[in-house]
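Given these sequences and hints, build the entire structure.
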Amino acid sequence: MKKLISFFKQNIYWKLFECFFKMGLFTIGGGMAMIPIMQENVCDKYKWMTEEEVLDCIAVSQSLPGVVAINMATYVGYHKKGLLGAVVSTTGVVLPSFIIIILVVSFLRTVDDNIYVQGALEGIKAAATGLIAYAAWKMGKQTLKNAFQWVLAVAAFVVIAVFGVSAVWVILAGIIIGEVYFAIAGMRGEEEK
Amino acid sequence: MSIILRLFLTFAKIGAVGFGGGLAIVPLIYQGMLQFNSMDPEEFAELFAISQATPGPLAVNAATFSGFETAGVLGAAAATLGVALPSFILVGICVKFLNKYNEHSLVKGAFTGIRPVAVGMILAGFVMIGQTALFSGALSEVQSLAGFFENIKIIPLAMAAATFVLAKKFKINAITLIIIMGVSGALLCSV
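Here the protein sequences line up with chains A and B, keeping their order.
First residue of the first sequence: 1, per this note's numbering; consecutive thereafter.
First residue of the second sequence: 1, per this note's numbering; consecutive thereafter.
The reader is advised that the hints may include incorrect statements.
To be verified - Restricting the straight-line Cα-Cα distance to at most 27 Å, the calculated cross-link-like pairs of lysine-lysine (BS3-like) are: (1) Lys153(B) with Lys47(A); (2) Lys138(A) with Lys171(B); (3) Lys138(A) with Lys108(B); (4) Lys47(A) with Lys22(A); (5) Lys45(A) with Lys171(B); (6) Lys169(B) with Lys80(A); (7) Lys141(A) with Lys22(A); (8) Lys145(A) with Lys153(B); (9) Lys45(A) with Lys96(B); (10) Lys168(B) with Lys145(A); (11) Lys96(B) with Lys80(A); (12) Lys80(A) with Lys47(A); (13) Lys108(B) with Lys80(A); (14) Lys22(A) with Lys168(B); (15) Lys141(A) with Lys168(B); (16) Lys153(B) with Lys45(A); (17) Lys108(B) with Lys141(A); (18) Lys22(A) with Lys108(B); (19) Lys138(A) with Lys153(B).
Hint data in this document are derived by calculation from the structure and do not stem from the laboratory.
What follows is the structure in structure tokens.
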């Protein structure tokens, strides 16, 4: 029994499954709402990825077609443990939906007319708001190190939040700006040498 | 063609062309489901409400729901696997490529731009989620500053602020905070 428990505690595939199962179970809405739990587990707890790598994962997941949450799970799984890791993570993130939806559709048919359920949802959405604000603050503090990065982050925020431009276009623009900046910074570095 | 295979292919197509997450993918699911005649618009409205109010990604919930309504548990499995498959292939190729060429200057350059943009995107996600969580009615319809303050829902706002502080100062983990605020919401927001 002890062996079995320590197997589950040590096994990387089990950890990936557990981490993404929790993400599926405790986020309502998906995608963006998952970022705080992902950051907490993937960077802080298990150290599978750095903050920068998680940002790469978020950007790639937003710019590819498909469900963002599935893209993120697949990305982390592949990055950490290849194809099998991806299968395990993705299964983890969709399984709570699968079980809960089938139960709700079979037995309840409705969830939203009870005032306590409504209240709980209000509370969960409020928590999600606070958590994503904290995630943005934390990731920003750890990854924005110079004026270029700050300006780009603020510009991306304004363009998406105020003008409603699709994240895909903003990421593409970010890639182009990044290439130019990197090339110029590289040339300057050469000159200084 | 069996209905299970048709469900799988319909959802694989949705997974391959649906950009921009849940709210963008649900209309595609609606279109894709018309051919099956298994759900009327009223049921689809129900699907949307339930998918939004239950845990898990909206699009995955909606896919599972549609598959289950059409062909039971096997149908649900076919729809969910279908919607996940394109992600699997595309993300897999992407990660392989990025890991192989992560020292290449073009990849490095791309990421110098992508990372700050991703931070801005998360902050935009905060505005998007906050809009529905902390305001009654749509923010875009608010005309004046007074209207802005009138529409704020005080208790959820206090809960969001408390969540931020508890996470930052006391390092309480996200899941614990979600449970605490869910219970508080059931008690405080239900009156």
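Status of each hint after checking the structure:
no. : hint                     : result
1   : Lys153(B) with Lys47(A)  : violated, 37 Å
2   : Lys138(A) with Lys171(B) : holds, 12 Å
3   : Lys138(A) with Lys108(B) : holds, 23 Å
4   : Lys47(A) with Lys22(A)   : holds, 17 Å
5   : Lys45(A) with Lys171(B)  : holds, 12 Å
6   : Lys169(B) with Lys80(A)  : violated, 30 Å
7   : Lys141(A) with Lys22(A)  : holds, 26 Å
8   : Lys145(A) with Lys153(B) : violated, 35 Å
9   : Lys45(A) with Lys96(B)   : holds, 25 Å
10  : Lys168(B) with Lys145(A) : holds, 20 Å
11  : Lys96(B) with Lys80(A)   : holds, 11 Å
12  : Lys80(A) with Lys47(A)   : holds, 11 Å
13  : Lys108(B) with Lys80(A)  : holds, 20 Å
14  : Lys22(A) with Lys168(B)  : holds, 21 Å
15  : Lys141(A) with Lys168(B) : holds, 13 Å
16  : Lys153(B) with Lys45(A)  : violated, 34 Å
17  : Lys108(B) with Lys141(A) : holds, 21 Å
18  : Lys22(A) with Lys108(B)  : violated, 32 Å
19  : Lys138(A) with Lys153(B) : holds, 26 Å
Hint compliance for this structure: hints 1, 6, 8, 16, 18 are broken, all remaining hints hold.
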